[in-house]
Structure formats: structure tokens, C-alpha cells
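> Top line first, the protein sequences correspond to chains A and B. The numbering of the first sequence is the UniProt record's numbering, which starts it at 1 and goes up by one. The numbering of the second sequence is the UniProt record's numbering, which starts it at 1 and goes up by one.
Please keep in mind that the hints were generated in silico from the structure rather than gathered at the bench. Any given hint could turn out to be false.
Put simply, identical chains are the same to the list, so a pair is met inside one copy or across any two.
[Said to hold, decoys possible] Dumping the calculated DMTMM-like pairs for lysine to aspartate or glutamate here, alpha-carbon to alpha-carbon at most 20 Å:
hint	residue 1	residue 2
1	Lys13	Glu41
2	Lys13	Glu79
3	Lys138	Glu84
4	Lys13	Asp47
Number of protein chains: 2
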Amino acid sequence: MMSQVYDTNHVIKYYECDMTTKLSIPMILNLAILASNLQAESLSIGDDFVHAHGLGWIVLQYDIQIKRRPIVGETVKIETVAKEFTSYFANRDFNFYDEQGELLIEIHSLFAMMDMTKRKMIRIPDEMAAGYEPDVVKRIKRGPGPESISSDDEILHDQMYAVRYTDIDFNHHVNNSRYFEWMIDGLGADFLNSHEATQIQIRFEKEVGQNDIVTSQIVLDSEKMRTKHRIMVDDQLSAEATINWIEA
Amino acid sequence: MMSQVYDTNHVIKYYECDMTTKLSIPMILNLAILASNLQAESLSIGDDFVHAHGLGWIVLQYDIQIKRRPIVGETVKIETVAKEFTSYFANRDFNFYDEQGELLIEIHSLFAMMDMTKRKMIRIPDEMAAGYEPDVVKRIKRGPGPESISSDDEILHDQMYAVRYTDIDFNHHVNNSRYFEWMIDGLGADFLNSHEATQIQIRFEKEVGQNDIVTSQIVLDSEKMRTKHRIMVDDQLSAEATINWIEA
Chain A
1 MMSQVYDTNH VIKYYECDMT TKLSIPMILN LAILASNLQA ESLSIGDDFV HAHGLGWIVL
61 QYDIQIKRRP IVGETVKIET VAKEFTSYFA NRDFNFYDEQ GELLIEIHSL FAMMDMTKRK
121 MIRIPDEMAA GYEPDVVKRI KRGPGPESIS SDDEILHDQM YAVRYTDIDF NHHVNNSRYF
181 EWMIDGLGAD FLNSHEATQI QIRFEKEVGQ NDIVTSQIVL DSEKMRTKHR IMVDDQLSAE
241 ATINWIEA
Chain B
1 MMSQVYDTNH VIKYYECDMT TKLSIPMILN LAILASNLQA ESLSIGDDFV HAHGLGWIVL
61 QYDIQIKRRP IVGETVKIET VAKEFTSYFA NRDFNFYDEQ GELLIEIHSL FAMMDMTKRK
121 MIRIPDEMAA GYEPDVVKRI KRGPGPESIS SDDEILHDQM YAVRYTDIDF NHHVNNSRYF
181 EWMIDGLGAD FLNSHEATQI QIRFEKEVGQ NDIVTSQIVL DSEKMRTKHR IMVDDQLSAE
241 ATINWIEA
């Protein structure tokens, strides 16, 4: 079967950019989810429908390849497709293109469905999936995901952040893009203005709550131009990520 | 003379909303400035032109009246006009309308121009103003502005925030909307989900720097349903605001 491909155009706003005038790393996730929300609505299986059933989609993992971040004022086409479904998991791809049709950003992601009252993963109901016309498969091949911080690693930076009211979106979750804000902040403006991320792998382990204080830890592997990141709430791992960098 | 009125349509995105599914208070400012940026670009006196002269616009004061905050998916028309200029000051109005033409949000603002190297206010050069075809006046009437926190006031809440990399926009300033994030956060989700701001007056006194840690202080006047806010860097006042609330 050919899965339904959806696309939408978006003009990059100044408040979606960082100091470099490029689309900020956290905002990449918001634009991706915007496209998938719009697809779901166009198929009448949007947030309203999903929430009315007491359910919600959660993202488990993103693998993001960045060729070039678009700058303020550029129009990007965001293409998305929900490709494969098993009983419990779904994968979705996102591709960002510039006006010349060049691929800018490529994202593979893994989703699951949650019972919002019981706060646990459930089988994906047929009516939540059928509209996407996905391939129904036995098993979804996952990428390797981020490399964990090990006990041998030296923590370069360690900083606490209290969750803010404006970090919570209308799903009553911390907006996924905020994890990236906490993760990259400690690298500092000198590093972030002179380096570009080429690959970001992130895995979400446990939801951060509305009144939590998170700790963001960073390990730097200068030789490999790679950083490893971990978001902790007390001793509990919330998310971990690996980012590969090049000099800008 | 009739000043140039500009308008632009904008669809409210999910990541521009808070838990209530309404456009977040901080994001109101971003959408207003988006409209003024687009007007400036349409007149070829946009950020690129202004920055090439070593200059930048700064906002000194906003007075925001909110009738209704638009919700996710709504299309709003944002209308803006640079009305009056003196040698040093300019005022600009913003009106947000819904698809039925109802006025949602009304903003009066006061701008000035800064020499970015010397970090001080300068006379507004003619070529930065003429395109707007404003009324040139001797004096701009200012609103009363926010009510300051006095030494008699009891501080309800006091919290520190470190400026994050993603708080800085491509003007290398803290994005103005972040002051609102710091100001309202301490009110907490219970209050913010059950109250609506009807008027917000904010005055910016001194720019927050990239590596600053700010303190956000809140005073609550329950009888008048009003909160007073102050952003401090050490003992220096950075911004103050008054917000009037009604029960939602």
C-alpha cells in the first residue's frame, strides 16, 4: 500500500530563529509536529478526535539529519508520511525542502499511543491509523538512537531548569522542543554560533511533569565533534540525545 | 497626512498556544513585531536596512488590551500603523481581528532608535521614518504605563531565571516576549488556566544581557484582580508591568 503523503508550506518567522538568523534547533520539532497535526486534521483524526477518546500520540524517538537550516523569511515545504504501523508503534518521516526543492532536513520518528488517564501505552486503535493508509508490519526497524552517557564520561556542563508555564502545550505535556532548549543551552553562544548540528538523535524515556525541575547534563567528545546530552529529573532519566557538529 | 496601514494574516500554530489552547500572552508580542517587520520590509526599511546603518528599533512600552485571545487554528488579521514620530520617539498601534472582523487585541506601543555600537538612543533618521508616512509631532502622549511595585507591597512570588541561548533573537537581544514568560510563570497553572488578562502594561527600562540571571517578582492585588510585576538584574530594574485579570 502507498501511505498518504501530506505537505504544507511554512514561512520561517523571526521568533522561530536563533541568533544566527537560522531556524532554531528546538523549532525544527515544532514545525514537524505542525505538519503531522495538519495531516491528522485533514483526515479528521486530529487532536480533537484523539483526545475525545482519552488518547494521545507520544513521540519516543527522533533521528534528525540537517543539511542546512533555513533562514528567516524562507518558505519551506514540510512533507510528512506515517509509514509503518505495528500494533503498538508507528513511524513517521518528515522532509523539509527549500524553494529550489533542495532537501534541508530529514527526520525519522517513532510514535506510540497513550491512554491519557491511565498514563500507559496502549494498542493503536484501527480508526486512529487507517486514514494514513500505512503499511501494517510485524516489526519496525529502529535506528541505533542516541549514545548514552556512561559513568566514564566527564560531564562538561550541568544545569538545572524549572519547567515554566509556557513550556506546557495544550496536550498538558512539556512541549518536546523544550528538551532541546535545555540540552543545547549549556553549550553557550560561542559554540552554538560557530557550529552547525548535522545529526541529532533523541530518545524520550519518561515524561517531565509540570512542576518538575530538570537537570541538563552535557558530555563533549571534541575529537568526534559530538556532544552527548541527558535530561534528568532527580535520578530518573527523562531523555537522552547525541548531536554531531561541524564548524559553521 | 494619513499614515501607512499594513496588515497580514496569520494562522495560530499549536506551539504559539498555552495549555488553554489560546494564543499565549508572550506570543502576542511576537505576532505584533512580526507584522511591523513585514511592513518595514515591504517599504524596504526592514531589519537588514536598519542594521546596515548600525541602528536598531527598541520598544520602550506596550499597552495591550485583550478582548479575546484567539485559539489554535484560527486565522487572525494583524493590522499595524506607525502613527506619530517626534525626533526621538515613535508610536505604533497594532490591532488583531478574527475572521468575523471582531477586534481581539489592541496594542499601543512606543519605540525609539538605538545606535547599536554605542548602545544609546539617537535621533530617528528621516530615511528610517519617511516610508511610514507618519504624523510628525512635537510630543507623543504616553499612557500612564504600569504601576510600580512599592516598598509597601508584599512580594507574592520571587523566582530567578538564567537567560537561555534560545531567549536571544537575531537582534542579539533577549526577545521581548521572554519578559512575559518570566513575569507570568510564577502565577502558576491554576491561576493562569482560570483567569484571562484584559489589560497588560509593560515598560522596558534596561536591556537584559545574554549572560544575565533575572529575578521575576510578583505582587498580587486580589481586590482589584491585578498583578504587578518586576524583572530585576541584581538591583537594577529591567522591566515592570501591571496586568488586570478577570475570571475565565
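> Which numbered conditions among the earlier hints are violated in the structure presented, ordered from lowest to highest?
none
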